[in-house]
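Student: This is what each chain is made of:
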Amino acid sequence: DQQVKQNSPSLSVQEGRISILNCDYTNSMFDYFLWYKKYPAEGPTFLISISSIKDKNEDGRFTVFLNKSAKHLSLHIVPSQPGDSAVYFCAANLGTGNQFYFGTGTSLTVIP
Amino acid sequence: DVKVTQSSRYLVKRTGEKVFLECVQDMDHENMFWYRQDPGLGLRLIYFSYDVKMKEKGDIPEGYSVSREKKERFSLILESASTNQTSMYLCASSSPWAGREQYFGPGTRLTVT
Numbered sequence: 245d246q247q248v249k250q251n252s253p254s255l256s257v258q259e260g261r262i263s264i265l266n267c268d269y270t271n272s273m274f275d276y277f278l279w280y281k282k283y284p285a286e287g288p289t290f291l292i293s294i295s296s297i298k299d300k301n302e303d304g305r306f307t308v309f310l311n312k313s314a315k316h317l318s319l320h321i322v323p324s325q326p327g328d329s330a331v332y333f334c335a336a337n338l339g340t341g342n343q344f345y346f347g348t349g350t351s352l353t354v355i356p
Numbered sequence: 394d395v396k397v398t399q400s401s402r403y404l405v406k407r408t409g410e411k412v413f414l415e416c417v418q419d420m421d422h423e424n425m426f427w428y429r430q431d432p433g434l435g436l437r438l439i440y441f442s443y444d445v446k447m448k449e450k451g452d453i454p455e456g457y458s459v460s461r462e463k464k465e466r467f468s469l470i471l472e473s474a475s476t477n478q479t480s481m482y483l484c485a486s487s488s489p490w491a492g493r494e495q496y497f498g499p500g501t502r503l504t505v506t
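Taken in sequence, the protein lines are chains V and F. All residue numbers for the first sequence refer to our numbering, where the first residue is 245 and numbers rise by one. All residue numbers for the second sequence refer to our numbering, where the first residue is 394 and numbers rise by one.
The hints are simulated quantities; they were obtained by calculation from the structure and are not laboratory data. Here the structure is a predicted model, which is why all the values come from computation and not from measurement. Think of the CB as a built atom: it goes at the ideal place given N, C-alpha and C, for glycine as much as any other residue. Warning: the hint list may mix true and false statements.
To be verified - A short, non-exhaustive set of chain V residues, derived as facing chain F with CB atoms under 10 Å:
id	residue
1	Gln250
2	Tyr276
3	Leu278
4	Gly287
5	Pro288
6	Ala335
7	Gly339
8	Asn342
9	Gln343
10	Gly347
11	Gly349
To be verified - Ranges of calculated distance between the beta carbons of each label pair, as one might list FRET restraints:
id	chain 1	residue 1	chain 2	residue 2	range
12	F	Arg407	V	Asp299	45 to 55 Å
13	V	Asp299	F	Lys411	44 to 54 Å
14	F	Glu472	V	Ile355	41 to 51 Å
15	V	Gly339	F	Pro499	20 to 30 Å
Could you build the full structure based on these sequences and the hints that come with them?
Tutor: Right, here's the structure in full:
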C-alpha cells in the first residue's frame, strides 16, 4: 500500500509563474519529508526538506509547506524556470535509520 | 563534491543469469540503499544497509540479495535474472549525522531478455 502519494503525474506551467506540486501521506508517524528532482538518465538530487515540527521551509525559489492535520505537503517553485522541468519526487521518513518512502513522482514542464 | 557511483549505466543480461550491480560512495556514509524505479510506481526500496555487514529488507526484496563488506560499497545481486527485473536501479547513501537527505548515483538501466 502506497504510504506516500503524488496524485498528479504531470504539470505544465508557464515560465515565471508559480509551480505547485502536491504530496499526500497516510502515516502520521512520518517525522521528516523531502523533495527530490530528477532529470532523465540521472539519479534524483535532493532539493529541500522539512521536519514535522515545522510547517514551512524556504530555500530560494523553493518553499515546502507541511499540513500535518491534512497529511499533505506541497512544493512551491516561484518563479518557475525552464530548467526546473524535471520529475519531482516527495519522500517521507520515519526516523534516522529507517527507510524512506517515495511518491510516484510528478513530471513538471515549464513552458518558455 | 559528494559522489555515488554505479558500476554500469546500461546492462543487458539474459534470463537466468546472475547479475551484480555495484555501488560505491566516497562520503563515508553509514546508510546505503538500493531502489528500483519503474514508470507509474516511483522509487521502491529493495534493500538498505545502515552499517557494514548489516542489511534490512525494503518493500520488494524478492529475487534480490545484497552485500556490504566495506562501508563504501553496497552490492545488489540478482540471483537469477528474470524479465520482470528489467528496470532502472538506483543506489543512494546517507548519513544519520548530517541531515537525512540521500545522495543518489546515476542509475543502472538493466534489461533482462
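Student: Each hint: holds or not?
Tutor: Against the structure, the hints come out as follows:
1. Gln250: holds (8 Å)
2. Tyr276: Hint on tyrosine 276(V): holds, closest Cβ of chain F at ~5 Å, below 10 Å.
3. Leu278: Where the cut-off is 10 Å and the nearest Cβ of chain F is about 6 Å from leucine 278(V), the hint holds.
4. Gly287: Constraint on glycine 287(V) satisfied, holds at 3 Å.
5. Pro288: The hint holds - proline 288(V) has a Cβ within 10 Å of chain F, the shortest such distance being about 5 Å.
6. Ala335: holds (8 Å)
7. Gly339: holds (9 Å)
8. Asn342: holds (9 Å)
9. Gln343: holds (5 Å)
10. Gly347: holds (6 Å)
11. Gly349: Constraint on glycine 349(V) satisfied, holds at 5 Å.
12. Arg407(F) / Asp299(V): 45 to 55 Å: holds (52 Å)
13. Asp299(V) / Lys411(F): 44 to 54 Å: Distance hint for aspartate 299(V), lysine 411(F) holds at roughly 49 Å.
14. Glu472(F) / Ile355(V): 41 to 51 Å: At 46 Å between Cβs, range holds.
15. Gly339(V) / Pro499(F): 20 to 30 Å: holds (28 Å)
Every hint from the earlier list agrees with this structure, and none is contradicted.
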